[in-house]
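Note that the working numbering numbers the sequence shown so that position 291 is 1653, with each residue one more than the last.
What the hints contain is simulated information worked out from the structure, not anything from laboratory work.
Beta carbons: idealized from backbone N, C-alpha and C, even for Gly.
Fair warning: there could be bad hints in the mix.
[As the list claims (entries may be wrong)] Derived DEER-like restraints, expressed as beta-carbon distance ranges:
#1 N1458 with E1904: 47 to 53 angstroms
#2 K1900 with S1599: 32 to 38 angstroms
#3 F1509 with K1900: 51 to 57 angstroms
#4 F1509 with A1756: 44 to 50 angstroms
#5 K1406 with E1896: 21 to 27 angstroms
#6 A1780 with V1416: 34 to 40 angstroms
[Stated by the list, open to error] Using 20 angstroms as the maximum straight-line C-alpha spacing, the simulated SDA-like pairs for lysine to any residue come out as follows:
#7 K1862 with R1874
#8 K1625 with S1599
#9 K1451 with G1899
#10 K1679 with L1690
#11 K1641 with G1617
#12 K1451 with V1591
#13 K1488 with V1598
#14 K1451 with P1860
#15 K1549 with K1791
#16 K1489 with K1638
#17 K1791 with L1690
#18 K1791 with L1768
#19 K1900 with F1603
#20 K1489 with V1416
#21 K1484 with Q1642
#22 K1489 with Q1600
#23 K1484 with I1500
#24 K1581 with Q1600
#25 K1514 with V1463
#26 K1862 with V1463
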Amino acid sequence: MYLCDVIMPQLFESTVRETVSLSLQGSLVMANDLQVLNALDVAKTQLYHFTAIVIAGMGFFTDAYDLFCISMVTKLLGRIYYHHDNALKPGSLPPNVSAAVNGVAFCGTLAGQLFFGWLGDKMGRKKVYGMTLMIMVICSIASGLSFGHTPKSVMTTLCFFRFWLGFGIGGDYPLSATIMSEYANKKTRGAFIAAVFAMQGFGILAGGMVAIIVSSAFKGAFPAPAYEVDALASTVSQADFVWRIILMFGAIPAGLTYYWRMKMPETARYTALVAKNLKQAANDMSKVLQVDIEAEPEKVAAISEAKGANEFGLFSKEFLRRHGLHLLGTASTWFLLDIAFYSQNLFQKDIFSAIGWIPPAQTMNALEEVYKIARAQTLIALCSTVPGYWFTVAFIDRIGRFAIQLMGFFFMTVFMFALALPYHHWTLKDNRIGFVVMYSLTFFFANFGPNATTFVVPAEIFPARLRSTCHGISAAAGKAGAMVGAFGFLYAAQPTDPKKTDAGYPPGIGVRNSLIVLGCVNFLGMLFTFLVPESNGKSLEEMSRENEGEEETVAEMRATSGRTVPL
């Protein structure tokens, strides 16, 4: 009787407690110690890391090429399609057309970042990755084939295809960053993601070099007088091929990497944590890492139970509590950065013309102007843009994301004000080289600073099932800033004297005051950086707090089970 009434209930209670403890412990081991995720976190740098960098990076090479090459041919488009007889200056794109040609790709990019970012979390990174690349290849070619017999029809078709080109480019941002972050080990993850983004520098450089080569070839084959000598003859009919070839070239690097993108396996973190297929994740990473990884089938059931507490959505109070300020920080800093970065990059040619680094348009023929603009932008890319990206790659895992971003915004602010306040001094002929050096330094610290870190951090700090979406939102905020910079600077940089403005433009606040505004924008970026957490040296699961739900469950069970549950 004693056995039944006393010992059996105690034995039963003990068994229940032990079962609860083991169940919780197993769930926690699953979340913190999945072998496939640990293998990725501690993996030594291998060939597959560099393969992933090249495959993802060539997309960014194409992105940068396609987005920035348009700035080298807009002057040529104005000469070809908007020539006016007896005008003192060569034809230029009307303000609304120029804004559309320069900015429509950003509109498409913004939409693509939001759509493909969301789709990458729903369908998987790999399935969506090929779509974006094919859109880029098709639309790069189509942009160069823009058809029509009138300026309006050519510009309309060009803008249509550049919008969809931007849509494809937009998808590459969240997907490339997320894929690289989920493939990388935690020790060098920042450098790997930054290296993907650094390919953008080579894309900008390639855009300038292609423009130099094409314009030089056509200039040698079809000599023409300067505009002030013979306005009509200064733009040869063959110049229409030049801008088309430059735009279409962007399809080549993208097309070459399509096959390899399709061969990449889905990331283990998506397969394990979102698709909840641990066996497939282990098989994929065993091949990639060339080590044996257990499928751990006993954790398949546990993963669904343990993650139940963590299945909050993007618009939930729980997401707002855990990651609301983080998303505000990543989105606001990217927005503020791109206002300054893209207004400088897209309108380098106008700034160089204003200080006399590029001769007046009427003293050159059409192809010579393309050559001079491309040469100036290539020098800036070679001397400041490209080195800045690779300085970030070298130091991001040593001094951290936060320090680099704060330092970058600080020096961008300093150099922008140093350019703006004594602006007249820099326009004097003896000081023009100094202006270019200072201007180059702002680009250097943009790239060895927030231009790289704003891309890296959103791929590290959000949960796996929302990682691509949140990166897409942050990147879309950046492109909204790019549109503000591109459209706003186009009008703002016009001289205050109505007689000196470009044809069709109202008076602006001038280059000096525009640079002051950009300096203030950079200062705001420095302040908003304090909302962004440091992710250096931490695992993705630690940064995204994906185990928080399990820890709360353990605390509750401690109160009811009466036993210590190991964490």
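Checked hints:
no. : hint                                 : in the structure
1   : N1458 with E1904: 47 to 53 angstroms : holds, 50 angstroms
2   : K1900 with S1599: 32 to 38 angstroms : violated, 60 angstroms
3   : F1509 with K1900: 51 to 57 angstroms : holds, 52 angstroms
4   : F1509 with A1756: 44 to 50 angstroms : holds, 46 angstroms
5   : K1406 with E1896: 21 to 27 angstroms : holds, 24 angstroms
6   : A1780 with V1416: 34 to 40 angstroms : holds, 38 angstroms
7   : K1862 with R1874                     : holds, 15 angstroms
8   : K1625 with S1599                     : violated, 44 angstroms
9   : K1451 with G1899                     : violated, 57 angstroms
10  : K1679 with L1690                     : holds, 15 angstroms
11  : K1641 with G1617                     : violated, 32 angstroms
12  : K1451 with V1591                     : holds, 12 angstroms
13  : K1488 with V1598                     : violated, 46 angstroms
14  : K1451 with P1860                     : holds, 16 angstroms
15  : K1549 with K1791                     : violated, 49 angstroms
16  : K1489 with K1638                     : holds, 17 angstroms
17  : K1791 with L1690                     : violated, 44 angstroms
18  : K1791 with L1768                     : violated, 34 angstroms
19  : K1900 with F1603                     : violated, 51 angstroms
20  : K1489 with V1416                     : holds, 19 angstroms
21  : K1484 with Q1642                     : holds, 17 angstroms
22  : K1489 with Q1600                     : violated, 42 angstroms
23  : K1484 with I1500                     : violated, 25 angstroms
24  : K1581 with Q1600                     : holds, 10 angstroms
25  : K1514 with V1463                     : holds, 12 angstroms
26  : K1862 with V1463                     : violated, 23 angstroms
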